[in-house]
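Q: Now for the letters of each chain:
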Amino acid sequence: MIVAKRKPFKEIKGLVSGSKKILVLGCGTCVAVCLAGGEKEVALLASQLKMALALEDWDLEIDELTIERQCDREFIEEINQKVNVDEYDLILSTACGAGVQLVSDVFDHKPVVAALNTTFIGVAEGPGVWTERCRSCSDCVLAETGGICPVTICPKGLVNGPCGGTRQGKCEVDPEKDCAWTLIYNRLKKLGRLDRMEKILPPKKWSAQQHPATVIHEAYKRRYE
Amino acid sequence: MAISFEKALTSGKFLATASVDPPKGTALEGLGQLLERLKGVVDGLGVSDNHQGIMCMSPWAVCKLALEAGLEPIMHMTCRDRNRLALQSDLLAAASLGIKNLLCVSGDHVRFGDHVDAKPVHDIDSVHLLAAAKGLAEGKDMAGNALEAAPTLFLGAVANPEADPLEPQLMKVDKKIRAGASFLITHPVFNMENLKRFMEQVKKSPVKVLVGIRLLDPEEIATYRNGGCPGLFVPEMVLEEIQGAGIEKCTEMAAAAVKEIKGANLCDGVHVVAPGHEERIPEILKAGGV
Chain H
3 MIVAKRKPFK EIKGLVSGSK KILVLGCGTC VAVCLAGGEK EVALLASQLK MALALEDWDL
63 EIDELTIERQ CDREFIEEIN QKVNVDEYDL ILSTACGAGV QLVSDVFDHK PVVAALNTTF
123 IGVAEGPGVW TERCRSCSDC VLAETGGICP VTICPKGLVN GPCGGTRQGK CEVDPEKDCA
183 WTLIYNRLKK LGRLDRMEKI LPPKKWSAQQ HPATVIHEAY KRRYE
Chain E
22 MAISFEKALT SGKFLATASV DPPKGTALEG LGQLLERLKG VVDGLGVSDN HQGIMCMSPW
82 AVCKLALEAG LEPIMHMTCR DRNRLALQSD LLAAASLGIK NLLCVSGDHV RFGDHVDAKP
142 VHDIDSVHLL AAAKGLAEGK DMAGNALEAA PTLFLGAVAN PEADPLEPQL MKVDKKIRAG
202 ASFLITHPVF NMENLKRFME QVKKSPVKVL VGIRLLDPEE IATYRNGGCP GLFVPEMVLE
262 EIQGAGIEKC TEMAAAAVKE IKGANLCDGV HVVAPGHEER IPEILKAGGV
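Chains as they are written, first to last, in our numbering: chain H, 3 to 227; chain E, 22 to 311.
Source of the hints: derived by calculation from the structure; they are not laboratory data.
Estimated spans, in silico, between C-beta atoms of each pair: (1) E:Ala164 <-> H:Cys142: 19 to 29 angstroms; (2) E:Asn247 <-> H:Asn119: 21 to 31 angstroms; (3) E:Ser117 <-> H:Trp208: 23 to 33 angstroms; (4) E:Leu106 <-> H:Pro214: 16 to 26 angstroms; (5) E:Thr244 <-> H:Arg75: 52 to 62 angstroms.
A few chain H residues that face chain E, going by a derived Cβ cut-off under 10 angstroms, partial list only: (6) Cys165; (7) Thr168; (8) Thr184; (9) Pro205.
We put the beta carbon where it would ideally sit given N, CA and C, even for glycine.
Given the sequences, and given the hints that come with them, work out the whole structure.
A: In structure tokens:
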């Protein structure tokens with residue numbers, strides 16, 4: 003899933019500066035799971051804004067709404083059934099960067115600003131902890147590396163083995179973190195597939211990751227041709 | 022003019038090499054004096070490439086000065102700061118100036134340097150860079166296009182005998198050798214047992230090995246201890262020994278390490294690094310019996 007973090011409150015306050023009425027728009031999918039932008043976080047942010055602005059005699063009316071997904075037009079269209087977007091000076095979105103942009107596309111007559119910094123694609127390690135696992139490079143090497151991504155887990159993204167800084171299996175860049183290539187070596191050894199690590203993996207095909215990327219499912223290709 | 026580094030490596034003589042860092046700025050006078058001191062003392066002189074992610078003059082300029090001074094430069098090239106186009110074009114530029122010896126490295130992470138917000142490039146890794154350089158020497162670029170004239174190159178790579186665990190490091194070294202490395206320069210070694218274990222494996226190939234010796238600086242103890250020098254693993258016992266000592270004592274220790282490594286008859290030479298104290302390199306080598 004996509005993991006995001008809320009921007010510093012001071013920055014968010016600056017983003018809504020000059021507004022009289024805003025909609026804080028939450029997203030019920032990834033950012034809700036990572037406790038950054040779901041219904042509860044929208045309520046928290048709205049309350050925090052109200053309290054902080056009251057102290058400054060800033061009269062800001064704040065409405066709250068959380069939809070299932072901001073990265074899907076089908077759900078964004080529900081917004082107008084629940085609120086009148088034209089009443090707001092600004093929409094403060096707590097979605098990931100993709101969601102913010104699609105809401106902005108749909109309501110292109112209203113400023114839509116991001117309350118979060120989108121951080122990575124990752125997994126839940128435990129309550130309140132998420133770690134990055136995928137760089138969405140479009141040229142996956144996981145089959146060769148025991149299901150552990152060196153492009154993501156190694157800070158240098160090295161695909162052919164460790165640098166010289168591994169110490170007690172830890173990474174030189176952050177000794178709190180495991181060296182990706184120690185993890186890969188141990189996993190492949192456990193699987194009896196260490197021969198995979200002997201293979202020189204070719205340079206990454208960064209061309210597969212042209213930005214902005216588009217994926218059209220085979221079944222839909224004719225529709226968009 | 023010195024004999025080529027490649028010839029020296031095949032001569033069977035125990036070699037002395039060292040590294041210097043290019044200046045931060047355009048002042049070359051001090052460096053020129055250092056090059057004069059190292060002339061006739063080292064068989065090859067490494068020139069670092071934004072060492073530890075610290076922005077300095079590009080190494081090709083210093084390598085050119087070294088050539089003019091009669092030294093055999095070994096240009097370091099890091100994958101951290103350039104993509105595959107820039108790496109290949111800089112390599113061709115260096116070769117056109119007469120720089121043949123190339124040390125292909127991934128590069129220390131930018132977080133250790135002085136531009137911590139820079140984007141680490143790592144388009145390709147050191148294994149790829151070796152293969153790319155070998156390809157250029159054979160007349161083809163990475164995309165398979167023919168070159169008008171191919172550069173003459175002698176390729177090397179870096180390895181750390183004290184990496185822990187060692188096995189993945191050895192597998193990477195094997196890839197580097199297969200990709201085109203003719204020589205290895207190791208990270209500084211403090212534990213002879215680790216070096217022996219490393220050499221047992223590496224000596225199965227014809228690659229030449231120059232073992233790293235680091236002149237420690239008592240003022241840097243905290244940095245060594247907190248991992249501020251990537252790939253440099255100084256044992257606590259050694260740190261305690263240099264605590265409160267002067268640079269003279271550290272110079273003696275570096276010379277003793279040179280002597281021990283030469284005496285062990287394990288490798289093809291030593292590679293001395295003495296950051297901030299490069300003027301002591303001749304003394305370390307001489308006292309070490311090289």
